[in-house]
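Visitor: Taking the hints into account, I'd like the entire structure generated from these sequences.
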Amino acid sequence: MIKYHPSKQLMQKHILGELPAGLSVAISAHIELCDQCGKEFDMLEAKQASSVFSESVENDNHCEFEAMMESITEMSMFDDLVPQSPEFFEYQDKQVQLPRAIAALKLGSFINAGKVSRARFELEEGPLRSSLLHIKPGGEIPEHTHTGFELTLLLDGTFEDESGEYVPGDFIMLDGRHNHTPKTKDGCLCFTLVDNALHFNKGLSKLLNPIGKLIY
Amino acid sequence: MVSLEQSRDCRIQKGKSVGMQETPSEQLTQALIKVATHADKKAYAYLFSYFAPKIKRFGIKQFGSEAMAMELVQDTMTSVWRKAKLYHHDKGAATTWVYTIMRNASFDALRKIKSNREDNLSEDIWPLFHDEQVCEKSFKDHLQSNQLQEKIRNLPAPQRDVVVGVYFEDMTQEQLAQHLDIPVGTVKSRLRLALKKLKVELGEHHD
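Protein sequence lines, in the order shown, are assigned to chains R and L.
When we follow our numbering, the leftmost residue of the first sequence carries the number -11, and every step to the right adds one.
When we follow our numbering, the leftmost residue of the second sequence carries the number 271, and every step to the right adds one.
Hints listed in this document are in silico derivations from the structure and should not be mistaken for laboratory results.
Where a beta carbon is used, it is the ideal one built from N, C-alpha and C, also for glycine.
Incorrect hints may have been included.
Per label pair, the in silico range of CB-to-CB distance [what the hints assert, rightly or not]:
(1) L32(R) to H449(L): 54 to 64 Å
(2) T135(R) to K311(L): 53 to 63 Å
(3) K458(L) to K(-4)(R): 43 to 53 Å
(4) M65(R) to K361(L): 48 to 58 Å
Guide: Structural data, given as structure tokens:
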């Protein structure tokens, strides 16, 4: 069962469209996997819509609006819907259906480092980097803290860290207060979003710090 | 409209807009249904006069520009007309449908300003139709798989040795210096060169 969900504040900002694209993509993907959050989203969005459209506003553009309306109703209407065709992602001999918001993004090339492979989504959001990450069975990311925040949305497989085990759909938000050592027994596929380089804490893995930004 | 539909719709409205009495949700939803079923221009005029000034105010708040706010009205109300047939009143009130279209158009416009991207992601992030879409997706070249290891293999040998030593054999820079019988400073500078080269090859502009 999914145990980790976006916070109320995040959900509200998502509804307002105020979050960076990478974060809204992750929340949308979580909603696709989590009925409970889907219902909450529908309820909160309807409430927000009502409130935005409830206050009366003076209309000082009569002429301009009139002309706009006429030109719009001259246009033809769309009649057809085509079914949304699911997109699959292949990794480690498995096919995983990607949530719609993630499937819509353009993915760069994969780079591999040991058991970890990652590719960046081309979102161009400055220091925010969204990636697709997969880890082979038995793989582990050395203990690290986050200089900013790190969001992981598990899409397939499982992994565990000091806080327990995670299942697909779990929306795991960590910041500088947490250090953890995620590892996976059977391999996993994740959407990740980090806003700064990971900082590795222990022994030899400290050497990863200069290249950490490149890999994770 | 058929009276049965009206009463059903009314029940949904009550559930969706507790405490928001000023919004004539039911009339708006009925008007949208008329636009959807009969391309009814009078019903559309009612929707337009209700929503357009409010969308404009929302746009001014979002963009701080009257011209962009008017563009948002144009984009939103065009979609309300053109996509009306795809509205299902059992999936939500007209206000929610219009809000979704407006928020999406505004998100795409802001993204264009901030990241200079015209990827119109909003419809996939906040779909108007949960299982369907209105147009075909373009083919995406997802999985060209460039290997980091291959890039490393192609580095000049002295640089490759330090990268492999440090990142794949977990040696410290000092151990590596001893092992290769070179000064630590040389290890560092080779490593720096190698990382610089890898970053260029792997396209750090994606980061």
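Visitor: Run every hint past the structure and note whether it holds.
Guide: Do the hints match the structure? See the list:
| no. | hint | result |
| --- | --- | --- |
| 1 | L32(R) to H449(L): 54 to 64 Å | holds, 60 Å |
| 2 | T135(R) to K311(L): 53 to 63 Å | holds, 57 Å |
| 3 | K458(L) to K(-4)(R): 43 to 53 Å | holds, 48 Å |
| 4 | M65(R) to K361(L): 48 to 58 Å | violated, 18 Å |
Comparing the model with each numbered hint stated earlier shows that hint 4 is the single one that does not hold.
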